[in-house]
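A.B. asks: Next come the chains, spelled out residue by residue.
2 protein chains.
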Amino acid sequence: MIIQLVVWPDDRACDRSWLMDQVPGASGIIVMLSDTHTAFSLYSHKAAGPNLRVISTMSVGYEHIDLSAISQRGVKLGYTPDVLTDAVADLSLMLALMVGRNGAETMSLVRNGEWPNSPWSPFGFCGPQLSASPVSPTRTMGFIGFGRIAQATLKRLIPLGVTHCIYYANPSSPPKPSLDAELMTKYGLNSVKRVDLDELAKDSDVVFVLAPGGEQTKHLVNADFLGKMKKTAVLVNTSRGTLVDSEALATALHQGVIWGAGLDVVEGEPQVTADHPLVKEPRCVILPHIGSATLETRLGMATLAAKNLLGGIFEEAMPAELNLKSRT
Amino acid sequence: MIIQLVVWPDDRACDRSWLMDQVPGASGIIVMLSDTHTAFSLYSHKAAGPNLRVISTMSVGYEHIDLSAISQRGVKLGYTPDVLTDAVADLSLMLALMVGRNGAETMSLVRNGEWPNSPWSPFGFCGPQLSASPVSPTRTMGFIGFGRIAQATLKRLIPLGVTHCIYYANPSSPPKPSLDAELMTKYGLNSVKRVDLDELAKDSDVVFVLAPGGEQTKHLVNADFLGKMKKTAVLVNTSRGTLVDSEALATALHQGVIWGAGLDVVEGEPQVTADHPLVKEPRCVILPHIGSATLETRLGMATLAAKNLLGGIFEEAMPAELNLKSRT
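Which chain is which? The protein sequence lines are A and B, in order. Numbering-wise (my numbering), the first sequence opens with residue 109 and increments by one. Numbering-wise (my numbering), the second sequence opens with residue 109 and increments by one.
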């Protein structure tokens, strides 16, 4: 058996015309989250043709794939869950730290050569401390979505003296009191509790947004939610931009309703220009969706995507196949 | 008993002329790390006079105080250890994460409006992952200096899957094999080991510089040390700028000898201008000495400094008095 491998040579999403030339007759295709048009053209133009057995996306999300369309055609879908959990949890922790420590403002100050003219003062550059302290002995971490990445983030926060964990989960999912109790004991927390959005907003020192994107979760963090948060609270979004209402957040930051925000994702990305209201806020740290961007994790994702592809082509087990029947 | 309190009104180091007018006859003085001239002028001009009983510095370091001079005059010295341990450990962790994740480059890219023109690519913005991963299952953290802040930093790295801890300590300090064994067991590490600088440079994935400043530790991290480090290694300095040879580090970064560096302190600070060779390196994250800069920690330091002052004035116990006899 010979596999003919066709690889787009450049380090960016492939051109549509190149794809349309190459894809007819393909048995399998590896796509990226950035290839929105790839999945679309595959189905709508039937460009690949009846040989197509598998689409393998190098991502944990699959909102760029038309699930019902490929399910109808009997095409399998591979994705890359789990392998990026640690990389995204690392970044979530990093953003929570950076926002409290005025990372954007202080780093720019040095880059711009303003350090020599920035007098030291007892409370200069000071923000809320993420670690517990005698002044703030309780630290409550709130999570919107409490899956693998959220729990890996919680684990990283334990040595900082976190005392309480609250989370909001999909209302249709059953409560898991035994998991809550298990985490509480394992980490020596005062409480681990599923709450509604109101309580989450009111009680959290940091809110981590770590839920799937899509219509169901759109703008869960809106003006109403932000208005209920503490003035010293920090918002971190490392999941999907659609969960946070950008305009409401920019207004909340501008008016000092919350302390600051750390975003790896922004609604409408990558069309986020220098005049975007969030980019102009000094207490908003924005990164260009690099949640899984480490050498180790991307290598792990690429390897898993390749194994999914081969499994699908040879009709063998795929290490991470999405169950399309339960989703469509 | 009435205390007359004289407070410099501005949010910056006080003017020398103001100080010279106000200080004669003072029983105690609170100084900051930035007030280098304060301690100097106190002694050399004998401006305070024989009433002076105590100097209380709102800092953990005391290299800005002439210890032997004040010791000879019988003046006590208060400082603020411990209270800033967590804040500096938080920042050390944050810098280690930021360097691996290209924090400086990616944040600037978004601020400059370049996100829309930055194509996603499988290995774009990727650096070495701080967390352990199937690709890099062992993670070795190296510490130059292994006191309270270093140990608090180590504790924060445990949930990221750290496996080995090595450290270099002052050669005149006795080995502490039982502490090493205790930490190893407590954190489930494969090893905790005191090593020489050569081994530290060669084996560490991250080197944290957390030792006191001064002549004894000057340029411990020099071209020779950097040359022995791994190509993927990260250097973090959150103690004193003098420990790292800035020129050697800039060269190492420029030539790709190590992956990157995160610095909260730079030799000669705050005279670090935009044309400083380290500021120009894209893989160098520099912050303007904000290690202890959180609202909670600075409030704790200020409170301790005030208590030290009062203890010194009234000849009662000072909560944190430096033993000058053992130091001079």
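Worth flagging that the hints you see were computed from the coordinates, not collected in a lab. Any given hint could be a false lead.
All copies of an identical chain are treated as equivalent in the list; a pair is satisfied when it fits inside any one copy or across any two copies.
DSS-like cross-link-like pairs, simulated, lysine-lysine; straight-line CA separation at most 27 Å [to be verified]:
#1 K310 - K415
#2 K415 - K338
#3 K294 - K263
#4 K284 - K263
#5 K301 - K388
#6 K433 - K263
#7 K263 - K310
#8 K326 - K294
#9 K433 - K338
#10 K326 - K415
#11 K433 - K301
#12 K326 - K284
Values in this document were obtained by computation on a predicted structure and should not be read as measured data.
A.B. asks: Does each hint fit the structure? Answer for all of them.
C.D. replies: Consistency of the hints with the structure:
1. K310 - K415: neither (45 Å within a copy, 35 Å between copies)
2. K415 - K338: Neither: 46 Å inside a copy, 31 Å across copies.
3. K294 - K263: This pair counts as both: shortest intra-copy Cα distance 10 Å, inter-copy 16 Å.
4. K284 - K263: within (18 Å within a copy, 29 Å between copies)
5. K301 - K388: neither (36 Å within a copy, 47 Å between copies)
6. K433 - K263: neither (33 Å within a copy, 45 Å between copies)
7. K263 - K310: within (22 Å within a copy, 30 Å between copies)
8. K326 - K294: Neither way: K326 and K294 sit 33 Å apart in one copy and 43 Å across, limit 27 Å.
9. K433 - K338: Intra 42 Å, inter 48 Å, cutoff 27 Å: neither.
10. K326 - K415: Classified as neither: same-chain Cα gap 33 Å, cross-chain 52 Å, threshold 27 Å.
11. K433 - K301: Neither, since 32 Å and 53 Å both go past 27 Å.
12. K326 - K284: Close inside one copy (24 Å), not across copies (55 Å); limit 27 Å.
When each numbered hint is compared with the structure, violations occur for hints 1, 2, 5, 6, 8, 9, 10 and 11.
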